[in-house]
Amino acid sequence: MTKSMKKSKLSSKRTRRSFLKNGIAGAGVLALGAPTIIRKVEANDKVLNWLTYSGHSADEVIGPFKDATGITVNAKEYADGEKMLALIHGSPPGTFDVVTSDAPYVELLVQSGLLQPMNPDDYPLDSFFEEFWNWEQHWFDGQLMALMTSWGYNGLAYNSEKLSAEDVSSYDIMWSPEVKGKLGMRDWYLPVMGCVSASMGHKDPYNIDDAQFQALKEHMFTLKPNVAGFWNFAGVFDSLANGGAYVIPGCGDWITGLLQRANHRIESAVPKEGAIMWTESVSIIKDTPRLDAAKELVRYLTGVEGQTRLMTKSSYMANGPSEAAWKHLVETNPEEAKMLHMTSEADNIMAVLRSGRIIPRRLPKNQSMESWQEAYTQFQNL
Amino acid sequence: MAKTKLDRAGGGALETGRASGSASRRAFIGVFGGPLVFWQGLFFVAPLIFMFVMTFWAVRNYQLSADFTLANWQAILAADYAWDAYLRSALGAGLAAGIATVVAFPCAYYLGLKTTPRVRILGACLIMAPFFTSFLVRTYTWRTMLGDEGVLNAMLGWLGLGPFQMINNLFGSVVGYLTLVMPLVLLLQLFSISGIDRRLIEAAHNLGCNPFQTVFRVIIPGARNGIVLAATFAFVLSFGDLISPQVLGGSNPPTLSILIVDQVRGGLQWPRASVIAVMMVVTLGVLVSLAMAFVYGGSTKRAKRA
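Read top to bottom, the protein sequences are chains A and B.
According to the numbering used here, the first sequence is numbered sequentially starting from 1.
According to the numbering used here, the second sequence is numbered sequentially starting from 1.
Hints may be right or wrong, so weigh each one.
[To be verified] If you want the footprint, here are the derived chain B segments under chain A, 3+ residues with CB under 8 Å:
hint	region
1	148-157
2	241-251
[Said to hold, decoys possible] Calculated pairs, EDC-like style, for lysine to aspartate or glutamate (alpha carbon to alpha carbon, straight line, at most 20 Å):
hint	chain 1	residue 1	chain 2	residue 2
3	A	217	B	149
4	A	162	B	149
5	A	162	B	80
6	A	286	A	102
7	A	224	B	80
8	A	224	B	84
9	A	313	A	161
10	A	180	B	148
11	A	224	B	197
[As the list claims (entries may be wrong)] On the chain A side, residues computed to face chain B include the following (Cβ under 10 Å):
hint	residue
12	116
13	175
14	178
15	182
16	225
17	228
18	366
19	368
20	380
Calculated from the structure, these hints are not laboratory results.
In this text the structure is predicted, and so the values were computed from the model without any measurement.
All C-beta atoms in this analysis are idealised placements derived from N, C-alpha and C, irrespective of residue type, glycine included.
Turn these sequences into a full structure, and let the hints steer you where they fit.
So this is what it looks like as structure tokens:
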């Protein structure tokens, strides 16, 4: 008994000692190894760090870029602009080389001095529709700070088995008894409140004075009896597909195209009061040591190959600024082009944009983001 | 007889340990307790303190800056929706804890006392099986089951009933909470019921208790600690859960966990989000302390009396 006890004590000592030894050695390897790994990445021109929206770093989008250039893309993906700001402000300089963001956030990034001016001659701007050459939200003091890669609209998504195109030609449908308990809402205040503001006839929905903001709140609150729920992307998707909602503001082809791919009778409309535009723009981070590779990626994303792939990606569909890519898509994939209203017909999406019914999204101008969010929380809480 | 022998052997080993010096004992505690203290300090206590400090910070131009302002506390404590969300979260979590406790008990009772050890182990494995699938996936599956045109409403429709609204409301959230906590509550109840001395149950039968009296007079008091702890954990997990109220409750209306997300979303208000988080931590801290006092305070008293 004593013998075995002694033995077990010994063996436990040995384990403890080796545990300590191994532990210290392990920690040492980690401590020494980590900076080496980081340095390796720093020195490598064939690596690019890209902060971008979900689904962009998949091979279906940038596969040809990686194959052609041999550049590895380390992508950090995010789902909404605030998260992007948090990531970019919370990371040490040099963490990212390229950032894709929503146009209103480009302004915030410029204010923080994070972006590198771009030379328009470096990129295939001449293949863009004229409207996007001098996109107002991308130019600051005569300098180009971002290039559009994708855009789309947030109007009304609707179930075309329950509602007609005539029904959704105005936001008034949201207040109709026809959609009681079937009016879906996104859980993000910005697109929804933009649509409600547009429904009140505001041509610049985010630029309203305090009295108009108060009226917007009260008008939005009257929607509550019809509201089914407030959903994220997956919830919106499921509710449209499975009858939980007949109409949802703040949605567009980017989501209903995916549902049409799965043979659901869900469509999008731009109401006569106007839909809110969403955009994605690519910028280069100031003082990146990998400027050439960064330019290369921006060229790819704004070129025909990259543009076509961004339009039809599986995470969400998008319109693009490139006329050349539009033509390419109509020729090679007319079905998907139709889902995006990118046809050669007269009422295509570019015609709607030119008619002024697609309004660029901005950040709330005369009130803080907090007060807009607070109004939305009050709405949810009713 | 066998027990006494064991006791003696155990005592002997302890004495030997003491004799070989308290240094190795301290080293032992250091090695086995150290990582826990280090881990908890680094990943629990320090962030908690940081979070509390952050409630006094300010956000300027979408950037956090160190400050000492009470504005965040004032903004949240003065907001009706924050208190509504607080009560709503507590109600949902309370319902989940209550329902889980009542529903799990017969199952735990049966598995713990009425089956062979082999069936009990099989049962415990089956209880754990849901953990093999991500909670998020299970929650979305409920949407398909409970949706307006979902499986359940379709079946009720055959009977000429409904459709009933089962998601995008409190009912949906509670279904989600129960999905989250039921396996845990069942396991904790099962362990505590299995630990009840069978002789007490036999004695109760011999003294003329009917099965119901046995449950209420012997089994529930015997498994009291496990039942209370299980219910407490159920409340804690449900109170802080984001997925159920968001996916199944449709944020309609929002709970505290959803408010936290929205505070950050609308203007990067980490400090206000921290205020809400501190409210939650304090609530759960008080609740867990009360539960612990109820469970262990009672047993210390009993030990003293003995």
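So if I understand the rule, the pair passes when the alpha-carbon distance is 20 Å or less; does residue 286/A with residue 102/A pass? Holds, at roughly 18 Å.
Are residue 116/A and chain B close enough, Cβ to Cβ, to be under 10 Å, as the hint says? Since the shortest Cβ distance to chain B is 20 Å, the answer is violated.
Hey, residue 224/A versus residue 84/B, does the alpha-carbon distance stay inside 20 Å? holds (17 Å)
Using the nearest Cβ pair, does residue 368/A come within less than 10 Å of chain B? Given a least distance of 6 Å, the restraint on residue 368/A holds.
Let me know if the C-beta of residue 182/A comes in closer than 10 Å to any C-beta of chain B, holds or violated. Hint on residue 182/A: holds, closest Cβ of chain B at ~8 Å, below 10 Å.
Can we keep the residue 175/A interface hint, with Cβ of chain B closer than 10 Å? Result: violated, 18 Å to nearest chain B Cβ.
Any CB of chain B closer than 10 Å to the CB of residue 366/A? violated (15 Å)
Within the region 148-157 of chain B, is the number of residues with a Cβ closer than 8 Å to a Cβ of chain A three or more? holds (count 3)
Does residue 380/A pass the interface check with chain B, least Cβ-Cβ distance below 10 Å? holds (5 Å)
Given the hint that residue 313/A pairs with residue 161/A, does the C-alpha gap stay at or below 20 Å? It is violated: about 26 Å lies between the C-alpha atoms, which goes past 20 Å.
Restraint status (C-alpha distance of residue 180/A to residue 148/B at most 20 Å): holds (13 Å)
Given residue 225/A as an interface hint, is the shortest Cβ-Cβ distance to chain B below 10 Å? Violated, about 12 Å.
The structure fails hints 3, 5, 9, 11, 12, 13, 14, 16, 18 (numbered hints given earlier, in ascending order).
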